[in-house]
Amino acid sequence: MPLHVKRSGALILLALLLASCSSKPPVSLVTPLPPVTKHPLPDKSRDNGPMRGIWLATVSRLDWPPVSSVNISNPATRNSVQQKALTDKLDKLKSLGINTVFFQVKPDGTALWPSKILPWSDTLTGHVGQDPGYDPLMFMLDEAHKRGMKVHAWFNPYRVTTNTKPSTVAELNRTISLNPASVFVLHRDWIRTASDRYVLDPGIPEARDWITSIVAEVVSRYPVDGVQFDDYFYTETPGSTLNDYQTFQKYGAGFASKADWRRHNTQQLIEQVSRSIKQLNPGVEFGVSPAGVWRNRSHDPLGSETSGAAAYDEAFADTRLWVKQGLLDYIAPQVYWPFSRKAARYDVLAKWWADVVKPTNTRLYIGVALYKVGERSKNEPDWTVNGGVPELKKQLDLNESVPHIDGTILFREDYLNQPQAQEAVSYIKTRWGS
1 MPLHVKRSGA LILLALLLAS CSSKPPVSLV TPLPPVTKHP LPDKSRDNGP
51 MRGIWLATVS RLDWPPVSSV NISNPATRNS VQQKALTDKL DKLKSLGINT
101 VFFQVKPDGT ALWPSKILPW SDTLTGHVGQ DPGYDPLMFM LDEAHKRGMK
151 VHAWFNPYRV TTNTKPSTVA ELNRTISLNP ASVFVLHRDW IRTASDRYVL
201 DPGIPEARDW ITSIVAEVVS RYPVDGVQFD DYFYTETPGS TLNDYQTFQK
251 YGAGFASKAD WRRHNTQQLI EQVSRSIKQL NPGVEFGVSP AGVWRNRSHD
301 PLGSETSGAA AYDEAFADTR LWVKQGLLDY IAPQVYWPFS RKAARYDVLA
351 KWWADVVKPT NTRLYIGVAL YKVGERSKNE PDWTVNGGVP ELKKQLDLNE
401 SVPHIDGTIL FREDYLNQPQ AQEAVSYIKT RWGS
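Anchor point for the sequence shown: position 80 equals 80 in the numbering used here, and the numbering is continuous, going up by one each time.
These are calculated hints, taken from the structure and not from any lab test.
Positions of the beta carbon are idealized from the N, C-alpha and C atoms, including for glycine.
Hints are supplied without guarantee of correctness; some may be wrong.
[Claimed, not checked] When the alpha-carbon atoms are kept at most 30 Å apart in a straight line, the in silico DSBU-like pairs for lysine-lysine are as follows:
hint, residue 1, residue 2
1, K324, K351
2, K378, K351
3, K116, K146
4, K324, K258
5, K351, K94
6, K92, K116
7, K393, K94
8, K378, K342
[To be verified] With beta-carbon atoms standing in for the labels, derived distance ranges:
hint, residue 1, residue 2, range
9, Q249, T193, 14 to 20 Å
10, Q249, R297, 31 to 37 Å
11, T87, S434, 34 to 40 Å
12, S240, T87, 37 to 43 Å
13, S167, D260, 36 to 42 Å
14, N163, A76, 28 to 34 Å
Given the sequences, and given the hints that come with them, work out the whole structure.
This is the structure we're talking about:
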């Protein structure tokens, strides 16, 4: 399909080289590309009005496809049900004034497009590697663009599975006969356990190159408006930490601490993905949606007046630095707290981020917790006052009044359909809808 952009043969070859599933690619095929700053983007922040976006999650079929559709034995019927569910959602989003959908195309180590690198997602058919008979990413792009809406391809970079069950392992092992097979069987040495999931080890250069190749495949083949990474970089829990001791021993020489080395690894991924996108198609926006707190001021004078979990210290993601270095076209911090939450006040964080982007060309969209609206919470009672509408109104008012905040993204689509959120949905339609 035409992408209306010239791409050099060398870069297409690069994407194909990276896409190869042969044993180990050369180290850092992408990093030596010219700096992204040589490819400045036109200012597109206002070409579609303020960002009014929504995340549409496919992991565990949270928003789409319908869980029941997977049990339909007839492929044509199943596909028809899934496609109608998606167009119904797009019609509703359009009526609410949503102009951009952040569509999760890589929920784990599988894909929602016919990839030469990843097997098909089991979210579509119930089986990893089974061709659903249509291309969900292309279908989404066609239908959203038809309605005048933009689509950003949302990738979870490192997650391979959502659990470590024997049945999951067996499903992945069965892909060995497929082309492509799962990374779980092709590169078992890249796989670690963290947060009770299988993940890629971010310290392995070949694993980062592999992730970059996946993004390159989508950007070179599809008319996506943007690419987004979520906040899952290093993810671990106290009871399920990521054991990267041997990786650190191999690659961590010269770093003062393991934490600094981990942040360097995340930085390397962001740099090479950013450069790869701009080489393939400078018109495709690249953004990240990190945890709302970069660092707390108690740990760093540049941090926010908060006491929440910090991306810098817990995900090993120096999100502020990426903005300052111009590696991102936009950043969408997840500011999922009300004005009254002292540990991480909405207004404090939103204004802090506005100050961060102020001297840069990076646009700022604030991620808002639609999933909390109408939900009872001892620590955050504001979400249930008058259906959560006053809190939501305050947050949207702030986003529209503070300079350098360019819009809002709601998390996530299926909460528009939940009974507890209906007053808020009516409010959004009144405020944003046509």
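- Message: Taking the earlier hints as the rules, which of them does this structure contradict?
- Response: The structure conflicts with hints 6 and 11, although it agrees with all the remaining ones.
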